[in-house]
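Input sequences plus hints: build the corresponding full structure.
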Amino acid sequence: MAGTDESQASDETADQQETPSEPVVAPEPVEDSDGPHPSEGLQIRGEVIGVDRVSASAVPADYPVTITTEQALAVEVSIGGPDEIAVVVYFETPKMGVDGRLGRLLTLAETDDPADIVGKSLLLTVEDGFYMPVVPEDPSRGDGRGVYGIGLGLVPSLLVGLVGIFAPGSDLIATTPFVLAWLVGTFLVLPVSVYIDAVNLRATTDWEGSPRNWTILAALPPINVVAIPLYLIGRENAQPII
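Per our numbering, residue 1 is the first one in the sequence shown, and the count goes up by one each step.
No lab work stands behind these hints: they were computed from the structure. It should be emphasised that the depicted structure is a prediction, and the values quoted were computed from it without experimental measurement.
With a straight-line Cα cutoff of 16 Å, these simulated EDC-like cross-link-like pairs (lysine to aspartate or glutamate) come out: (1) K120 <-> E76; (2) K120 <-> E47; (3) K120 <-> E110.
Structure follows, in structure tokens:
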């Protein structure tokens, strides 16, 4: 019997050695993680895979944003690629404090419930060694449909340019209706549409241009014929935040 007990004890010890328990480790800053370290300011997309409330003490002490509420909202984001890592970004809890960062993201997601952003794509950046959500500085405003007004307002100036190059049609651009259309398109439709589109672009993407400056350029012929295509290129390359 004693030999049998000793044999069972040794088998249990061996099983424990073969399947050791793994401690749960809190997320580490990017600079402390294994593998190549992303550069400061690098932007990358991830998918939100979980939203949970945690104690504010769970937020790293050197986290770039100070959490002043007793609880924090922990948003887990999966970053694709060969390494397939998951990171956690933190916000103040909506019911215990107003976090403008979270509010602007929820507005972009067209929801009031943080749980609704699970499954959505989120733009992240590296800040102070941590992955952080890209959050617009401005509240959501303007309208992305302003881009249609940009095209409409630019048409008269493009026609003037084409006539100057190819000559035929010079009688058309000298008519009163065309001159009025050019004035309205150049000094009203085009700059107003650029401003409406630009403020929306700044509030919904990572675009950092100045709506006011681009609006001024849009109202300065013939500079606008060059400036607007550059604006549209920047618009096309802007990354949506969510």
